[in-house]
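J.: First to last, the sequence lines map onto chains G and L.
Just so you know, the first sequence maps onto residues 2 to 425 in my numbering.
Just so you know, the second sequence maps onto residues 2 to 425 in my numbering.
What the hints contain is simulated information worked out from the structure, not anything from laboratory work.
Don't take every hint at face value.
Have a look at the derived ranges for each label pair, beta carbon to beta carbon [said to hold, decoys possible]:
| no. | chain 1 | residue 1 | chain 2 | residue 2 | range |
| --- | --- | --- | --- | --- | --- |
| 1 | L | 241 | G | 397 | 48 to 54 Å |
| 2 | L | 64 | G | 242 | 33 to 39 Å |
| 3 | L | 234 | G | 417 | 49 to 55 Å |
| 4 | G | 291 | L | 357 | 41 to 47 Å |
| 5 | G | 228 | L | 241 | 44 to 50 Å |
| 6 | L | 290 | G | 290 | 45 to 51 Å |
| 7 | L | 241 | G | 422 | 44 to 50 Å |
| 8 | L | 367 | G | 365 | 39 to 45 Å |
| 9 | L | 416 | G | 215 | 32 to 38 Å |
| 10 | G | 424 | L | 346 | 52 to 58 Å |
| 11 | L | 241 | G | 95 | 48 to 54 Å |
| 12 | L | 71 | G | 292 | 37 to 43 Å |
No more than 20 Å apart at the CA atoms, straight line, and that leaves these computed lysine-lysine pairs for PhoX-like [stated by the list, open to error]:
| no. | chain 1 | residue 1 | chain 2 | residue 2 |
| --- | --- | --- | --- | --- |
| 13 | L | 313 | L | 260 |
| 14 | G | 294 | L | 294 |
| 15 | G | 87 | L | 294 |
| 16 | G | 418 | G | 133 |
We treat Cβ as the ideally placed atom computed from N, Cα and C, and that holds for glycine.
Protein chains: 2
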Amino acid sequence: MARTSAKKNAFYAQSGGVTAVINASACGVIETARKHKDVIGKVYAGRNGIIGALTEDLIDTSKESARNIAALRHTPSGAFGSCRYKLKSLEENRREYERLIEVFEAHNIGYFFYNGGGDSADTCLKVSQLSKTMGYPIQAIHVPKTVDNDLPITDNCPGFGSVAKYIAVSTREASFDVASMAKTSTKVFVLEVMGRHAGWIAAAGGMAASEDCDLPIVILFPEVPFSQTRFLATVKEKVKRYGYVSVVVSEGVRDRSGKFLADQGLKDAFGHAQLGGVAPVVANLIRDKLGYKYHWAVADYLQRAARHLASKTDVDQAYALGKAAVEMALAGKNAVMPAIIRTSNKPYRWKIGEARLSRVANVEKMMPKSFISRDGFGITPKCREYLEPLIRGEDYPPYRNGMPRYVQLRNLPVPRKLNTDFKL
Amino acid sequence: MARTSAKKNAFYAQSGGVTAVINASACGVIETARKHKDVIGKVYAGRNGIIGALTEDLIDTSKESARNIAALRHTPSGAFGSCRYKLKSLEENRREYERLIEVFEAHNIGYFFYNGGGDSADTCLKVSQLSKTMGYPIQAIHVPKTVDNDLPITDNCPGFGSVAKYIAVSTREASFDVASMAKTSTKVFVLEVMGRHAGWIAAAGGMAASEDCDLPIVILFPEVPFSQTRFLATVKEKVKRYGYVSVVVSEGVRDRSGKFLADQGLKDAFGHAQLGGVAPVVANLIRDKLGYKYHWAVADYLQRAARHLASKTDVDQAYALGKAAVEMALAGKNAVMPAIIRTSNKPYRWKIGEARLSRVANVEKMMPKSFISRDGFGITPKCREYLEPLIRGEDYPPYRNGMPRYVQLRNLPVPRKLNTDFKL
């Protein structure tokens with residue numbers, strides 16, 4: 002598709018669970034667009050993601066100082082708000098698309114940048130087809146983001162490297178701790194990590210140990226059906242050999258029948274169902290069956306928000322993908338996503354490639370079997386080789402009085418032009 | 002007491018729960034002792050704390066390179082192993098003291114450095130009295146350490162500042178995350194932190210918000226009996242005003258009857274008691290009564306092991322206290338503990354003072370009432386003024402391939418001289 006000749010504004014939105022570096026992508030989009038004001042007018046951000054477009058709740062990013070936009074690079078979370086809202090198909094909900102066109106037209110929007118995971122790639126693909134399906138000229142570019150690392154084509158997803166670094170470092174630190182305590186107290190430490198479908202984040206726990214740092218780590222992957230007998234035998238063996246062990250468990254671990262291990266049918270004193278994590282379930286199992294003292298932690302949001310420990314590779318790539326998305330728009334592209342292409346492992350080198358959205362949307366990339374060790378409780382050298390460059394490098398935020406200086410934007414609204422309501 | 006004239010060896014041991022900076026104190030002790038080889042022979046560390054002394058399981062720190070000892074400064078946990086073991090009184094268990102003297106005599110130990118909290122101060126005091134009570138000449142110096150920050154006299158305890166920084170930063174980061182998600186998803190984030198008796202660590206969650214960073218934080222202190230009605234009203238009010246809220250809950254929160262909130266009498270499908278944290282209890286309460294979507298995290302060991310985010314003030318003080326302990330020994334002192342004296346708030350200035358162990362042992366310093374806001378859910382400006390310098394400054398460990406380089410010492414044993422067993 003040729004670039005539209007008249008100067009158009011851009012729409013940018015964040016989608017789904019946020020990460021430590023999604024704002025670095027926003028920074029890449031906005032800073033690059035600002036360098037091309039002859040082609041791209043203003044960048045309007047959707048307040049709370051695509052909902053902002055549907056409800057005509059747009060944020061005028063041009064009102065933010067260059068300094069504040071630059072600070073997005075070191076600020077975790079979604080600065081404009083995100084949402085969990087997936088557009089239905091054109092057939093199922095035509096009025097959503099009509100509304101988008103109405104809002105885009107009112108605000109002269111010709112570029113659509115959508116920053117999210119698999120679901121958002123699908124939404125972005127649908128928007129990219131509006132020219133053809135509904136006669137509204139727009140270029141839609143997807144900017145990848147997901148801690149789950151499950152998008153296809155791209156070698157890895159921005160957000161994942163920093164979570165991986167956080168889990169690897171935290172597991173190493175906690176392992177040192179439990180090693181100190183094991184003689185008379187805690188022998189097993191259990192850390193619950195994210196990843197309902199794929200074990201990419203759990204795998205990062207394996208990076209806690211390395212050639213120059215011998216630590217006993219047992220990983221429970223969602224890809225490997227949980228065997229209580231084999232798990233307990235492995236824990237026992239590690240404790241016998243090392244005196245202690247760390248267990249990294251994915252929230253998505255299931256038993257052989259496909260039931261989540263976390264779903265233990267707990268009831269409180271009043272008989273109400275109680276939702277717990279999988280870490281206490283695993284810890285209780287170890288106490289009951291092996292009698293070891295234990296501690297457990299659930300990292301939850303801490304892991305994906307930990308900008309203080311971001312991977313430099315991850316930050317650089319998140320920014321580069323935002324920048325590339327705008328460059329692709331300037332080159333007249335539509336229905337594409339910039340992707341990370343790994344060109345070399347040693348030394349690690351990467352470049353930006355281009356993926357067609359039709360090949361990205363709704364495809365989940367699982368952990369290759371060759372990344373999980375034969376016993377099912379660890380990672381292979383091949384997995385280490387993949388993960389290592391992704392957690393490499395530190396990119397500390399600036400601090401003031403002991404605290405990281407994360408920016409809170411003013412997020413001033415674009416004056417509404419339609420003044421019509423839209424029911425979500 | 003005059004310094005013993007003959008050259009004696011020193012014994013050093015770590016006690017109780019470890020911290021991100023207890024090894025920095027060990028570093029201060031060993032490096033300072035090495036500078037005074039004319040007076041102090043070798044530093045022998047107890048393997049797994051005082052148990053190492055009782056079982057004649059000593060580590061010869063002189064076998065470690067200067068580089069590895071220096072690396073202790075940036076390595077979390079207890080490099081020689083710690084233990085939870087409190088000596089009984091002389092009357093109750095005389096054979097423990099006789100055994101200590103037997104081991105100390107066999108290895109020519111004249112200096113006893115004990116690195117721990119309130120219980121260890123008590124043990125250290127008992128050891129300091131061995132000259133008088135059992136005729137064995139020894140100088141015992143306590144090196145303070147505890148994430149709980151509950152030792153008296155000293156303005157603060159090494160280990161606390163780094164936990165406080167971790168909780169403050171993590172709460173800020175997770176609050177940014179939930180703020181992004183609140184429109185369509187999570188509105189409440191609950192973080193469980195350590196501190197069974199005192200709310201010092203929970204208070205640090207309040208530092209997530211600051212003059213230049215407005216965030217809604219609700220703290221549940223162990224000092225404030227839990228009122229469900231008032232808590233829910235506060236959460237509701239914050240969500241109404243901000244759209245979201247972060248709750249920082251101390252593991253030690255109790256209801257009005259004195260029962261731990263975490264103790265909900267949970268049963269699994271088989272009727273077995275299930276031990277959970279307090280975070281899921283609070284989260285479930287919010288879901289049931291207010292209907293908000295929530296996420297919860299339990300920081301557990303991650304908070305006290307997080308050397309990657311240590312406070313520079315904390316590291317400096319931990320080292321300085323180890324150094325001062327040796328200097329006090331060289332000056333002929335006994336039954337004392339070096340303590341942090343705050344001499345100025347703005348600018349923050351501190352020096353090392355001296356506390357008599359008889360005034361430290363078994364005394365718990367609670368949070369002053371003036372540090373908790375009137376509504377019981379926040380911290381006062383006075384508390385902020387106290388906490389702020391303690392979390393100030395970053396002191397990053399060196400990294401290699403994306404991971405912090407923490408040292409694992411060789412921990413070579415001192416050849417045994419007694420070859421007699423001791424039953425703990």
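J.: Does each hint fit the structure? Answer for all of them.
T.: Quick rundown of the hints versus the structure:
1. L:241 - G:397: 48 to 54 Å: Because 36 Å falls outside the window, the suggested range is violated.
2. L:64 - G:242: 33 to 39 Å: violated, 24 Å
3. L:234 - G:417: 49 to 55 Å: violated, 35 Å
4. G:291 - L:357: 41 to 47 Å: holds, 45 Å
5. G:228 - L:241: 44 to 50 Å: For residue 241 (chain L) against residue 228 (chain G), whose Cβ atoms are near 48 Å apart, the range 44 to 50 Å holds.
6. L:290 - G:290: 45 to 51 Å: violated, 36 Å
7. L:241 - G:422: 44 to 50 Å: violated, 22 Å
8. L:367 - G:365: 39 to 45 Å: violated, 52 Å
9. L:416 - G:215: 32 to 38 Å: At 25 Å between Cβs, range violated.
10. G:424 - L:346: 52 to 58 Å: Distance hint for residue 424 (chain G), residue 346 (chain L) holds at roughly 55 Å.
11. L:241 - G:95: 48 to 54 Å: violated, 35 Å
12. L:71 - G:292: 37 to 43 Å: holds, 39 Å
13. L:313 - L:260: Given pair residue 313 (chain L), residue 260 (chain L) is violated - Cα atoms ~37 Å apart, limit 20 Å.
14. G:294 - L:294: violated, 33 Å
15. G:87 - L:294: Holds, because 18 Å separates the two Cα atoms, which is no more than 20 Å.
16. G:418 - G:133: Roughly 25 Å between the alpha carbons, so the hint for residue 418 (chain G) and residue 133 (chain G) is violated.
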